[in-house]
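Trainee: Given chain D, put chains E, C and B in place with the hints provided.
Number of protein chains: 4
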Amino acid sequence: MHASPNISLRKGLPELIQTYRDFVESQLFPIDLQVVNGPFRSFLPQLNELRKKAKLNNLFNPHLSEKEGGLGLNLLEFAYISEVLGQSPIGHYIFNCHAPDIGNMELLSHFGSDSQKVNFLHPLQKGEIRSCFAMTEPENAGSNPVNLSTSAILEGNDYVINGRKWFTTGADGARFTIVMAVTNPEATSPYERASMIIVPLDTPGFKLLRNIPVMGESGEDYLSHGEILFENCQVPKENLIGTEGMGFKLAQERLGPGRIHHCMRWIGICERAFDLMCRRAAHRMLSPQKPLSEKQSIQNWIAESRAEINASRLMVLDTAKNVQIHGAKAVKEEISTIKFFVANVLTKVIDRAIQVHGALGLTDDTLLSFWYRHERGARIYDGPDEVHKAALSRSILKKYQS
Amino acid sequence: MHASPNISLRKGLPELIQTYRDFVESQLFPIDLQVVNGPFRSFLPQLNELRKKAKLNNLFNPHLSEKEGGLGLNLLEFAYISEVLGQSPIGHYIFNCHAPDIGNMELLSHFGSDSQKVNFLHPLQKGEIRSCFAMTEPENAGSNPVNLSTSAILEGNDYVINGRKWFTTGADGARFTIVMAVTNPEATSPYERASMIIVPLDTPGFKLLRNIPVMGESGEDYLSHGEILFENCQVPKENLIGTEGMGFKLAQERLGPGRIHHCMRWIGICERAFDLMCRRAAHRMLSPQKPLSEKQSIQNWIAESRAEINASRLMVLDTAKNVQIHGAKAVKEEISTIKFFVANVLTKVIDRAIQVHGALGLTDDTLLSFWYRHERGARIYDGPDEVHKAALSRSILKKYQS
Amino acid sequence: MHASPNISLRKGLPELIQTYRDFVESQLFPIDLQVVNGPFRSFLPQLNELRKKAKLNNLFNPHLSEKEGGLGLNLLEFAYISEVLGQSPIGHYIFNCHAPDIGNMELLSHFGSDSQKVNFLHPLQKGEIRSCFAMTEPENAGSNPVNLSTSAILEGNDYVINGRKWFTTGADGARFTIVMAVTNPEATSPYERASMIIVPLDTPGFKLLRNIPVMGESGEDYLSHGEILFENCQVPKENLIGTEGMGFKLAQERLGPGRIHHCMRWIGICERAFDLMCRRAAHRMLSPQKPLSEKQSIQNWIAESRAEINASRLMVLDTAKNVQIHGAKAVKEEISTIKFFVANVLTKVIDRAIQVHGALGLTDDTLLSFWYRHERGARIYDGPDEVHKAALSRSILKKYQS
Amino acid sequence: MHASPNISLRKGLPELIQTYRDFVESQLFPIDLQVVNGPFRSFLPQLNELRKKAKLNNLFNPHLSEKEGGLGLNLLEFAYISEVLGQSPIGHYIFNCHAPDIGNMELLSHFGSDSQKVNFLHPLQKGEIRSCFAMTEPENAGSNPVNLSTSAILEGNDYVINGRKWFTTGADGARFTIVMAVTNPEATSPYERASMIIVPLDTPGFKLLRNIPVMGESGEDYLSHGEILFENCQVPKENLIGTEGMGFKLAQERLGPGRIHHCMRWIGICERAFDLMCRRAAHRMLSPQKPLSEKQSIQNWIAESRAEINASRLMVLDTAKNVQIHGAKAVKEEISTIKFFVANVLTKVIDRAIQVHGALGLTDDTLLSFWYRHERGARIYDGPDEVHKAALSRSILKKYQS
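Chains as they are written, first to last, in this note's numbering: chain D, 1 to 402; chain E, 1 to 402; chain C, 1 to 402; chain B, 1 to 402.
Rather than coming from a laboratory, the hints here were simulated on the basis of the structure.
Please note that the accuracy of each hint is not assured.
Identical copies carry no separate label here, and so any pair may be met within one copy or between two of them.
Stated by the list, open to error - The list that follows gives simulated cross-link-like pairs (lysine-lysine, DSBU-like), each with its CA atoms no further than 35 angstroms apart:
id	residue 1	residue 2
1	K295	K52
2	K329	K290
3	K117	K398
4	K398	K290
5	K332	K290
6	K348	K329
7	K398	K332
8	K117	K52
9	K295	K329
10	K11	K207
11	K11	K295
12	K295	K55
13	K295	K399
14	K295	K398
15	K290	K249
16	K295	K53
17	K295	K237
18	K332	K348
This is chain D alone, in the form it adopts within the complex (with noise of 0.2 angstroms):
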């Protein structure tokens, strides 16, 4: 490791991270606790507002360049702000740079074609509609990416679409999907073997089987996991992204910035659960003089996740300035690394914060409940931490072969 370059932040960085701050404790955390306790749809118009006011304060988008109507930030940049809006559950939701819309974005505006741009990109960008990314099968392992069941078959102008998806993130109420889907079984390289291509959800064909009960809560449209069927769901070929075979280069350059996002999220929910864990231990009294924090069992939970969270920070700002400078590929290994660092951490974060609320962390009158329950997956979800763990091994042993 030698000394790294560095990337300069654009003046005026400080204060709109403040700016960012100021708008989502003032009107998101009032109400973010309920929104999650949902049902989520109730709480859609009082949502659409705070998007239009994120909107007229310019901080819509923070994700994307000027030209498509966003801040223009680099990804370090957006590093710093994704943090401050992972504080709250609905943060990237209400400035439009949640999952699966932002990877959908960054997707189409380098791959889409004019047409799709106009009809799907950029009435995303305008945050008119949400979309959603169906990859997962449930009969196949995802963490071999080959294993893939669903078909898109050119027959004239169309394909025809046979498959099964699952944990397609807020299917319920998009407006379309990217599927992936094998074009060419019969490409040498099984990773040439699969496309990218845009169903609108009213295709007939597409089925909404069920929205996935996760962790006791099937929840509902943003808030939801699709089950779905494509039974011979038929679209025109130019719904291709790219072109065919390209599948699996495309999910790279997805997940790859996707990971990053996860994390600079999550640091915005550890951020979140320790300001709980602190509050709760320095107000919660075991006597009348005897504040919880006195416990050492507690400051130790509160110093381990201090030094886990600066951790967490410093890796993930460090990866976003070298993917900014170097580019995702080179930089893989730091991507791996922070993903499943990052999500253990928030495992523990999150934990030691139930525990210091004793019973009333079990109960949905914090938002730790939630988070228990949604980031469970945080472990799972872009990759295990085991296929990242062993993905990483494998590249550093690479240079111990001769």
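Mentor: Below, chains E, C and B alone, put in the same frame as chain D:
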């Protein structure tokens, strides 16, 4: 540690265990996932059928003496049965030995007056009604039992009770509660201020405020935790259990065995989760020839889980045996030990089983999600880990002072 | 898991345990720290006196049958004694049941010829000589026992042995070694290629290259690990134990109980370290009124250690009992389980005890430093944790294949 | 957390780092294992040659200003160098920036009188002598610095010092010590009772009682920890550093950066241990085609170590930067954070590297055994983990009190 005497187990215990196991596996396993996914009440008719069947087969009330209509098992023998029941989340309920009713039965059996037995204990033992236990208060740290705000003031022949309780498990649908309330605020020892009083839930002034949403779910009936209010709630002084000021003494009597019961049940959960984990590892294919179980991380989890579950079982059985020989008071250290030890094993085993299941482990399509949420409390209820560790340590260190 | 049958322990076992305990505490505790701080040889006269005293008191050879001059304890009974001996690093040595001699005695007792018994076993049993066991090779991964380079070629009536071994514990000062060497390289099964052969250490061609410096100390005599060389080392073919190709079978017979012996001893170490930790916590003052034990971190360590040691003991006793009932082969799973479980408990308990002692814990003024160094190997020797976990897991998963 | 300002690093730093790296790898790696296996003194001529070579190459004293004969690196720049030096256990010594001399140099440079500089500082800076620092006392808990028994009483123009210290690193062969002693026992604040005084080690009444055997080894010279005695040890009052009662203030000034220095060095150790681990994993064969590195457990350790070392480095660099910008006092929280965080990463990385090496990892044939023993103290010296966690937590919680 010296060679400890053995307790002889009844002849026929292995066969009895097998009988319970067959019942649980053939009758409960096929429906328990649906039942806990709820709504619980819709399954009550079916569950009542099963309870009848348990009675017909002389399996009801394994914990009660034969005179009381039970099987007359001692605590050690019951431990073996309880583990089997714990493998299904409805096991203890079907056989009428579920918390908090089992604890209330013990309490009333030992300390209830004749009329309390007739009116409250016998219907419980017959499985005709359910009851609940109101101790924890939202505003007071449960780890210091002296913190109690609920009061019961004797006015004439009645106690007038005022206060708020929560985490009153199963309040929804229960016939009565036993409430812990301050009757003697002026007692010198803070441990002699409270009493236990029976309150039928149709008493005016009693109010079930809500089924507390816990980990995303408020549940109902037996699967619920109530927040309840006593507002000038008046009951005859005959509803006092034992004598005034005896509350803490009774609570100790009730909680010690209660903790062992939890541990027994947790081992059952561990075994079921372990079985799900192994099944998944053996049958989920990473590629046509390679099951998930060839991954060493998963082998590690299986081995570590096996070791920790075995350790838990042996400790719980040993504790049950020693309670049998020496009484619960004499084995306070061991009870604290298993409380935190087994709760942590439970946490780890469930977590690993989820990780092995990947995305499926997050859904409500397996029992893991239910336990992940419902048993996060295991490290909190009946005394958080930290309280038990401190108590155990203090007790050990006494021998080192001189 | 069903209710397991009990083995009856001999009358008088508690008293016998106490007799050993008194001996160990009164005779060994006062000198053991000095002895291990060495040089070991300078203490040999004193240790021999103690061994005589053990004989006089009929405490020598607790592991041997009465016919062989021992106490005739079964494995379960021995487990209780072995824990007591393990509390002193010289305990097993004084009573003549230390590794590797105990393993060699078992082997020769079961598989030795009459003349082998007279020449090698009987002097061992009388405590007149020491022996060693040469299996591990520096160039071959011990976790795969098929990797063996040492060869023994029959020429006329002699085996001619060539090869290099290391971690031959106690080679320095031993009278003979049992060596594992390939005699049948062409055997179909790799498990039938090696044999065990007795080599007196004064045989020409045998060389003790060095006492390997292990964790900063090469030690001497019984407290040493040899790197040894066989160069055309010639012994009569009568020195073969059992028949040719039986080496692995014998090794299995030898290693199974050997692992249980280690576990028993480790529990003794844990108890002594635990005692040191509690003593220090109770008596080290942070301020005139405040002992170290008021710190909750230390309370946590004491409680966790207590729980883990109890768990370890119960598992080891249960395993010993099952070996007694079913034979070592049938409880292979349990032996692997305790091997890694107890080794890890040992590591944690020693580490915590050191931390409680602060700087003093780093010095050689307590036994902790000795164990910290000498027992780092516990997770490695006789099979590293990872190998035992994999073996256990594979054995469990067999039941899930169909 | 807001976007923090950057410090510009000198041009040519990457090249300078590489120069140090080349020196360390080519000159120190080939001999350092032998040197630490000792006896240290026999290597002094060779080490002195290397120190000369370092001077000739203008690499001596990287921590000192150019005026003082150093390279004039700021703390952040030094952090990069220090990590490189830390990869060899003799790295800091060769370049004259080893503890405790580096701390004594800083102290005397900032607070020494002119004559103290001439007599004590300059010879240190030239590398002509070594010094030591006497603070810890065997009878007083180091975690409470107010516990000090050693006294220095002014009699005429001399301080007469009495007391016992231990863990006085490098006392054996040092020219002088700085001793912390109570000069003003009546001061109101316990933090104003002690002073720092220079004592040449040839002063009558000074006695090096022993090189304390630490983890099996008493060592000698630079690689030793002394237990020392002051018996009516008389030094001129000019040897007082600063003013009377300033002892704790000076200790704080000295310890803050000292802890950062340790962390930097530990990262170097981690990197070397990591390299040894990867090398072993890649080259140790389980079977002819299968290196150890194909085991997922080992992949996990490599990945986790990589993540934790990266996190450690980023935190240490960030702390060094902030000390540079805001001063050590303002970043007390961060210094406590890295002290316990990096010490624990160090412990884990060394332990994993040993496990990967198997039996070889236990021997003194690699550096791992040296670090395993010598760095067990990392979680104890300069404040045990628990003290730093408590301090950090208390500081954080202050913001929550109101």
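Trainee: Need the list of violated hint numbers for this structure, in ascending order.
Mentor: Going through the list in order, the structure violates hints 1, 3, 10, 11, 12, 16 and 17 and respects the others.
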